[in-house]
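J.: Produce the complete structure using the sequences and hints provided.
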Amino acid sequence: MKKINIIFLTILTFAIAISCVKDDVENNSTGDLIVGFKNSQSSYIYTDNDVDPVQVFEPIDLVGGSDGTTSDADISIPFSIDVTSTAILGTDYTINATGGNVTLEAGSSFVKLPFTINPSVLPGNVPKTIIINLGQPVPAGVVVADDKKTITITIAKCESDLAGTYSLVVTREDNGVVYNFPNEVITELALGVYETSSTGPYDDLTNDGAPRNGFIFKDVCQSIAIDEQNLGDYYSNLVEGDEDAGLVTLDPITGEVTSITMNYSIRGFSAGVTRRYFTAVYTKL
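Numbered according to our numbering, the sequence shown terminates at residue 285, and the numbering increases by one at each position without gaps.
Zero decoy hints are in this set.
DEER-style ranges, computed between Cβ atoms:
#1 ASP242 x GLY100: 27 to 37 Å
#2 ASP146 x GLY272: 17 to 27 Å
#3 ASP242 x LEU189: 16 to 26 Å
The set of hints was computed from the structure by calculation and includes no laboratory data. Each residue gets a CB set at the ideal place from its N, CA and C atoms; glycine is no exception.
T.: This is the structure in structure tokens:
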């Protein structure tokens with residue numbers, strides 16, 4: 001009995017440790033099968049050294065349904081290119097899907113929409129966008145999630161050098177509370193892709209089992225992009241920026257980074273403010 005109690009207490013403690021930092025996001029989807037883009041925005045960065053075409057994919061997920069199971073029939077999902085896109089189809093990129101449709105096969109939880117990007121023709125420091133809209137899927141009974149109908153893909157050729165140590169001031173917008181991190185480290189993961197060492201007020205998520213304390217962001221020709229991601233790549237709470245997630249300020253003489261401003265939110269709290277907005281100002285040390 002004592003052993004059983006210890007196991008129970010261990011499980012309970014673990015559950016509390018997860019929920020005390022962030023509450024789970026509830027999925028209230030019922031009825032129809034629901035599909036949608038995994039991300040509402042994405043970006044791909046290249047340099048002058050990238051001359052060969054590059055194939056990339058954007059997932060379309062089976063987001064939810066009445067019983068949480070996959071479909072027992074293929075789902076055909078139509079897509080179209082929004083007229084506000086600035087990238088040129090056939091020149092800057094091609095879409096490797098025929099007939100303006102992709103098929104989410106029976107039993108699958110996602111399908112990839114494939115693109116081929118041609119970095120060699122992209123102008124320097126001038127981002128271009130590919131905006132894709134999803135239409136009404138077939139068969140009947142399948143719908144597209146309202147917040148997952150559109151993806152904005154940014155493609156650009158630009159240099160980026162943001163890795164280093166910063167003095168960070170984070171302000172929670174709904175209550176004005178300020179958090180200071182005097183030695184915030186930004187680490188480069190790939191060209192134009194970086195990881196911070198904190199998220200909002202949290203710099204200790206790894207103590208509870210998260211693989212990281214920070215979040216992933218991208219530098220798109222001095223504009224910041226923060227794709228939707230799980231907090232600490234662990235909790236169900238989602239971290240994301242909007243289309244204007246921030247910018248990089250450069251010294252006008254040396255061209256070196258002086259500061260970075262980021263605007264993002266963390267959502268999924270079950271009590272109080274369900275989405276918390278933060279403004280983070282990084283000053284290069």
